[in-house]
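With the hints as constraints, model all of the structure from the sequences given.
Residue numbers (this note's numbering), protein chains in the order written: chain A, 1287 to 1561; chain B, 1287 to 1561.
What the hints contain is simulated information worked out from the structure, not anything from laboratory work. Please note: incorrect hints may appear among the correct ones.
Stated by the list, open to error - Pair ranges (Cβ atoms, derived):
hint, chain 1, residue 1, chain 2, residue 2, range
1, A, 1318, B, 1352, 40 to 48 angstroms
2, A, 1325, B, 1306, 48 to 56 angstroms
3, A, 1324, B, 1306, 30 to 38 angstroms
4, A, 1525, B, 1478, 21 to 29 angstroms
5, A, 1478, B, 1312, 30 to 38 angstroms
6, A, 1325, B, 1352, 40 to 48 angstroms
7, A, 1459, B, 1524, 25 to 33 angstroms
8, B, 1364, A, 1347, 31 to 39 angstroms
9, B, 1477, A, 1532, 29 to 37 angstroms
10, B, 1545, A, 1532, 43 to 51 angstroms
Glycine residues also receive a C-beta, built at the ideal position from the N, C-alpha and C atoms.
Protein chains: 2
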Amino acid sequence: MKKLKRSSRLVEMTQYLLARPHTLISLTAFADRYQSAKSSISEDLAIIKEVFEEESIGELHTLAGAAGGVKFIPLMGEESALGIMEKICLKLEEPDRVLPGGYLYMTDMLGQPELLADVGRMFATAFSGKKIDVIMTVETKGISLAYATAACLNIPVVIVRRDNKVTEGSAVSINYVSGSTKRIQTMSLARRALKEHSNVLIIDDFMKAGGTVKGMMDLLYEFKAKVAGVGVFVESGEVELEERLLEDYISLAKLTAVDMKTKQTTVVPGNYFKD
Amino acid sequence: MKKLKRSSRLVEMTQYLLARPHTLISLTAFADRYQSAKSSISEDLAIIKEVFEEESIGELHTLAGAAGGVKFIPLMGEESALGIMEKICLKLEEPDRVLPGGYLYMTDMLGQPELLADVGRMFATAFSGKKIDVIMTVETKGISLAYATAACLNIPVVIVRRDNKVTEGSAVSINYVSGSTKRIQTMSLARRALKEHSNVLIIDDFMKAGGTVKGMMDLLYEFKAKVAGVGVFVESGEVELEERLLEDYISLAKLTAVDMKTKQTTVVPGNYFKD
Chain A
1287 MKKLKRSSRL VEMTQYLLAR PHTLISLTAF ADRYQSAKSS ISEDLAIIKE VFEEESIGEL
1347 HTLAGAAGGV KFIPLMGEES ALGIMEKICL KLEEPDRVLP GGYLYMTDML GQPELLADVG
1407 RMFATAFSGK KIDVIMTVET KGISLAYATA ACLNIPVVIV RRDNKVTEGS AVSINYVSGS
1467 TKRIQTMSLA RRALKEHSNV LIIDDFMKAG GTVKGMMDLL YEFKAKVAGV GVFVESGEVE
1527 LEERLLEDYI SLAKLTAVDM KTKQTTVVPG NYFKD
Chain B
1287 MKKLKRSSRL VEMTQYLLAR PHTLISLTAF ADRYQSAKSS ISEDLAIIKE VFEEESIGEL
1347 HTLAGAAGGV KFIPLMGEES ALGIMEKICL KLEEPDRVLP GGYLYMTDML GQPELLADVG
1407 RMFATAFSGK KIDVIMTVET KGISLAYATA ACLNIPVVIV RRDNKVTEGS AVSINYVSGS
1467 TKRIQTMSLA RRALKEHSNV LIIDDFMKAG GTVKGMMDLL YEFKAKVAGV GVFVESGEVE
1527 LEERLLEDYI SLAKLTAVDM KTKQTTVVPG NYFKD
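If you want it as structure tokens, here you go:
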């Protein structure tokens, strides 16, 4: 790269850091890349850090010493998150989203890049303190959320299938009981998709009693992997407490009431915003 | 937002633009946001534009006049793209990727955020001249590529299902014949997922004869939608010319030979790099 002026260097460093979240970049690497003294690089990083933190884009963690460097951690401040989530809840309350069975149509929203980027950053913030190696979800509708979160955390996604496809090689399958419908279902994961002892964040779009998430937890047990956390986009509040199959999860929104006659629903920010 | 110095403003503007690809932002909006004169904003944008183009991150299109402003178009230069794709091809050639039936295991690679960001930018570049309203893919393995491309183009994704789920409402289903296995299969798309007359970019992970892509094209016909382009990550070269069901597509890589005995494969950059 040709030598840049400070103003150009700040632009380049900003894009470089944003494209590499959770990646340690040494001062030496930056100094080489920009043919500049480490002291200049440090000054640049101080400017970037201040803007990122002021605008609640994320944090720049600086590690001192020979092995030191800088790492960009994408985060979203709680105030911004709540503001965005309140708008999302209003959208989720649109009456034509109510489907037979009390389900909520939200596939369109889960296809919007802007919403996904925001929600991914919320999940990344919610689980920022945890050691996570990989994100797991089950096909199909949680996949976009899983990738959006993975992009912020810079970790891979594994997708649990509802069948066992030929193109995945040998797989581990389990049966699980859907908590709300009580039906027995199957899910499977390619054996080579997940290393043993991985720390896994489970992400899903919707949770009623939690049967699907519980199924994924059982599957993780087969892989000797650990659940580092569970994050759901919308949880249904229409579940009796004793039917609830898990306690420890984060929800970003909660569907508290569905009136099938008037097609009116109430959606409020989830338990993530309650503490 | 509090008033920033130029250096901080450059950082903030860079992140603001990167987070909003293909979105027209007026000079007035920037001037208000940063409480700065439009002339200063224009100077900042000139610096950002130069770095983005020099480093082949993308283009900043500036539109003059009262309705004018600036738009960030993520692109990847052909040289960078070819360098990245050659590394991807080497990874795809690893012998333990060959699965029964001559399929290639690449689910792990399609779960890596960095690879996805690169490939998404390649597809976005390949189709940058087309009018595209929405990206379509079929579950499951093409989904991550579709979202990565959609993030660059700032358009939504619709996912064709292999079954018709209760949570999607009424759907249009079609039968199609898989070109290589000649089996009849079904795919369906929720009626409300796609507006009539949309311009649709089809993205998929793997193409043999093209039966699945052809199925999606037939489905688009039912929605009175237009195919704006077809992009596949890997195409199989092991298809007789007369079996090929479509001509007009872009592939990023091509699997030219699979030796099931030695598990050796040859993967080369696809037709995108041929002209």
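Unsatisfied constraints (hint numbers, rising): As far as the earlier hints go, 2 and 5 are violated by this structure, in ascending order.
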